[in-house]
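S.K.: What follows is the residue order along each chain.
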Amino acid sequence: MKAIMGLEIHVHLLTDSKFFCRCPTDYENKEPNENTCPICCGFPGSKPKANKKVIDCTIMVAKALNCKINPQMFFSRKSYFYPDMPKNFQITQYEIPLATKGYLEITNKKIGITRVHMEEDPAKLFHIGGDILSAKYILADYNRAGIPLIEIVTDPDFRTTKEVREFLTKISSILEHLEVYDSSKEAALRVDANVSLEGGERVEIKNITGFKNVEKGLNYEMVRQESVRRMGMEVQRETRHFNAETRTTASLRKKEFEEDYGYIFEPDLTRIEISDKWLKEIDKKMPELPDQRIERLVKDYGVTRYQARVVVYTDKALADFFEECCKIYKKPVDIIKWIVTDLLKSLNWNKVTIRKSKVKPKTFIELLKLIDTGKITARLGKEVIKDYVVTGKSPKEIVEKKGLTLIDEDKLIKSVKEVIKKNSQAVEDYKKGKKKAMEYLIGQVLRKIKARADPNKIRRLIEKLV
Amino acid sequence: MKQDILKKAKEINEKFNVFITIADKVETSGKGKLSGIAISVKDNICTKGMQSTAGSRILEGYIPPFDATVVEKCRKEGAFIIGKTTEDEFGFGTFSINTGFDVPKNPLDPERSCGGSSGGAAGLTVAVDFPHIAIGESTGGSISCPAAFCGVVGLTPTYGRVSRWGLIDYGNSLDKIGSISKTVKDTALLLSVISGPDEYDSTVLQLKQEDFTKHLKDSVKGIKIGIPKEYFGEGVDEKITKLVWQAIKKLESLGANYKEVSLPHTKYALSSYYIIAMAEASTNLAKLCGMRYGLHKPIKGNYDEYFSEVRSQGFTEEAKRRIILGTFTRMAGFREAYYLKALKVRTKVIQDFKKAFKNYDVLIAPTMPVVAPRFDEIAKLEPIQHYTMDILTVGPNLAGIPMISVPCGLVDELPVGLHIMGDHLQEGKIIQVAHTFEVNK
Chain A
1 MKAIMGLEIH
11 VHLLTDSKFF
21 CRCPTDYENK
31 EPNENTCPIC
41 CGFPGSKPKA
51 NKKVIDCTIM
61 VAKALNCKIN
71 PQMFFSRKSY
81 FYPDMPKNFQ
91 ITQYEIPLAT
101 KGYLEITNKK
111 IGITRVHMEE
121 DPAKLFHIGG
131 DILSAKYILA
141 DYNRAGIPLI
151 EIVTDPDFRT
161 TKEVREFLTK
171 ISSILEHLEV
181 YDSSKEAALR
191 VDANVSLEGG
201 ERVEIKNITG
211 FKNVEKGLNY
221 EMVRQESVRR
231 MGMEVQRETR
241 HFNAETRTTA
251 SLRKKEFEED
261 YGYIFEPDLT
271 RIEISDKWLK
281 EIDKKMPELP
291 DQRIERLVKD
301 YGVTRYQARV
311 VVYTDKALAD
321 FFEECCKIYK
331 KPVDIIKWIV
341 TDLLKSLNWN
351 KVTIRKSKVK
361 PKTFIELLKL
371 IDTGKITARL
381 GKEVIKDYVV
391 TGKSPKEIVE
401 KKGLTLIDED
411 KLIKSVKEVI
421 KKNSQAVEDY
431 KKGKKKAMEY
441 LIGQVLRKIK
451 ARADPNKIRR
461 LIEKLV
Chain B
1 MKQDILKKAK
11 EINEKFNVFI
21 TIADKVETSG
31 KGKLSGIAIS
41 VKDNICTKGM
51 QSTAGSRILE
61 GYIPPFDATV
71 VEKCRKEGAF
81 IIGKTTEDEF
91 GFGTFSINTG
101 FDVPKNPLDP
111 ERSCGGSSGG
121 AAGLTVAVDF
131 PHIAIGESTG
141 GSISCPAAFC
151 GVVGLTPTYG
161 RVSRWGLIDY
171 GNSLDKIGSI
181 SKTVKDTALL
191 LSVISGPDEY
201 DSTVLQLKQE
211 DFTKHLKDSV
221 KGIKIGIPKE
231 YFGEGVDEKI
241 TKLVWQAIKK
251 LESLGANYKE
261 VSLPHTKYAL
271 SSYYIIAMAE
281 ASTNLAKLCG
291 MRYGLHKPIK
301 GNYDEYFSEV
311 RSQGFTEEAK
321 RRIILGTFTR
331 MAGFREAYYL
341 KALKVRTKVI
351 QDFKKAFKNY
361 DVLIAPTMPV
371 VAPRFDEIAK
381 LEPIQHYTMD
391 ILTVGPNLAG
401 IPMISVPCGL
411 VDELPVGLHI
421 MGDHLQEGKI
431 IQVAHTFEVN
441 K
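From first to last, the protein sequence lines are chains A and B. Letter by letter, the first sequence follows residues 1 to 466 of this note's numbering. Letter by letter, the second sequence follows residues 1 to 441 of this note's numbering.
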């Protein structure tokens, strides 16, 4: 059965202050309710005042997503009662959002963007003694209340979760390049995913954090809907909650009708006109976007398109890192090879991003130079990287401390001779023309000398000595 | 001397219930345009450190951590705040009977209403014998109505002339803070202090602070007065109409000229006003749920049940009615027919006024269709009849134009208000006409 999927993506915008007051947005490592004021707590008598930076950022996003930007727009009140809502209404955009009708290209396909609008985040709730369905009580932290969000709504254009993943990866990279979003912050990007099987009702999975969870949630939901149908039942229209631990979804509420939020225009905020002059100012601020960057990396550095995509889409900071390295060491092809293989592997293994790691261009290049000048072998380089990513110490130091420099000629010859003596069968095989036997012998030597010699040199020695 | 004023305020309050809160002591911060003048503040306007309930039990005990901009400006000009005046809960009424606290009585006849919703402000103004100006607030007529019923002057400025920061909202697109006092001069003085730009209110106009007392000229020579015929129709007490016409003739004798004018959308203004005001009010009141401030109850059940419990107890019947009606008008399926339609009608009403002001400097009409009614008469009225009382004030309030009500005589020994309306930002003209009438009547 064909699946039809659409996304609503909520992104925390990277501004210093909240959307409608001057409280700081940085709520990590803060006491609960430390970043609050009468406005973001909705005290009687307080009024919102829109932060222009938020509108600037949203215009940039809308432009990057090829949207039509409305020349004037309004804010609206979306009313519903919930303990995370300071005013029991959310300031958002309804009839006339900032932008509509855009698209983003993924492989062989355009995904339509229905709209891009701004809204305020509610407070963060802590469910004590259980999850959202079983908690004994709830604590509310209003540090998050009023933080600016943009909501990107797509058309229902996705058919596979692979497309969803590609789209999210691309959006995330665009937002990073626009410098409006911090991908390392928990909950900086949350997704509501809608999915239906052809001819069936639509189910919304609410509030999923993390791309992988979006994929898992959608996959689970498709399987669930299929089995519901196979059992001869109808899929019900409802909102479901994704449990990241069990990787399953559970029903939150039935949705027989569209929820009714009783929207009115936000009367405390005036109509906002987005003039051509304003748009031109934003044009000047528009940075290079990921696809443009990939093309430039290919053209300017001679790296492959695949490699360029890896560094750009993994993390903008990784692409920045690559370019920084190229400034101090003019071997981009070697640099990118090391980045997309061993460095990335090591970072992932340690679950750390380039920005939060101790990896710096200067020391990373030091490592490449050790290899290029033959001080250590490439194979040893792979070992050094593991240590280097964890400690951030100078690779030279690591090499010296661990005694990883190459062993001298005499010792090497001695070791080769010993290996030949011990592995007569392999030597015979080699002489018979079995190439694998040679690889085996080289491997044995490397093991014996803890890889402190160039494999090619060992090969030549074996050839000479057998 | 100031302690004496507090004593007097308490005595007035004992008789007429015009205050919800009276200050413990009087504090001033220096000298200025208002030094020596006692300022009373309608209870829906926040005063730092002094309870502000907007006339509702759901906000009983709520002490704002900040001053409204208008209060801060008054303090800077040397005024002292004597207390918070009684009102209909959140401004929901025309007679101040929809209050969570004691109903204010008209000092001219305690059997009668002060009007509303700024009832306490007008009642206090007529009762005091010390220098005093009241800060009032009007959404659909809440300054003009009580000023008329109590025989004092009430000035409602252009929407956007005065910052609403610190005003506990009723209908944000309609709410205007203004002044009530014994003379036109004092209302102009207070407006000069409280108006002007404010970075905390996005809807306030970026205009320089102005001195409105310079418009206190004794002259109406060449002033063109429009008489909106729809404002003299059915339901308006004939004796009131007669008095208002006498006032118009008086102004004519002083050099003004007048002509009848039509505001054809007047009959739709009332519905449009109530729909917009209630739609906005129903969202404004949502935050009052016993969670963060105001009334609290022991927690039982889930949050929906808890919110309902607090709101059932904290709001008066009228607030509940307006929440239900306001919510209805913005629900899917009705939103188009009510809320959005009302916004369109509002534009038509504004166009009526704009057209009239092309030819006239001011429009003059009665402020209220009746004199202050007795409480037993009010008790017999249906809610819709309450709303109809606002028929003459909602139009200009919906349009956001400035208006001033000045006493123009007595009917059955009760005061009648003359309503002088001006084009947007033409407070100067209405002050001039009102002042001229006041000194020559």
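If you're looking for bench data, these hints aren't it; they were derived computationally from the structure. Computed from a predicted model, the values in this text were never measured in an experiment. Fair warning: there could be bad hints in the mix.
Subject to a maximum C-alpha distance of 25 Å in a straight line, what follows is the list of computed PhoX-like cross-link-like pairs (lysine-lysine) [unchecked claim]:
#, chain 1, residue 1, chain 2, residue 2
1, B, Lys297, A, Lys136
2, B, Lys48, A, Lys49
3, B, Lys31, B, Lys182
Here are some chain A residues pointing at chain B (derived, C-beta under 8 Å) [said to hold, decoys possible]:
#, residue
4, Cys41
5, Ala50
6, Phe81
7, Pro86
8, Gly129
9, Gly130
10, Gly262
11, Tyr263
Even glycine gets a Cβ: it sits at the ideal position worked out from N, Cα and C.
S.K.: For a quick check of understanding: which of the numbered hints are violated here, in increasing order?
M.R.: Result: hints 8, 9 break, sorted rising.
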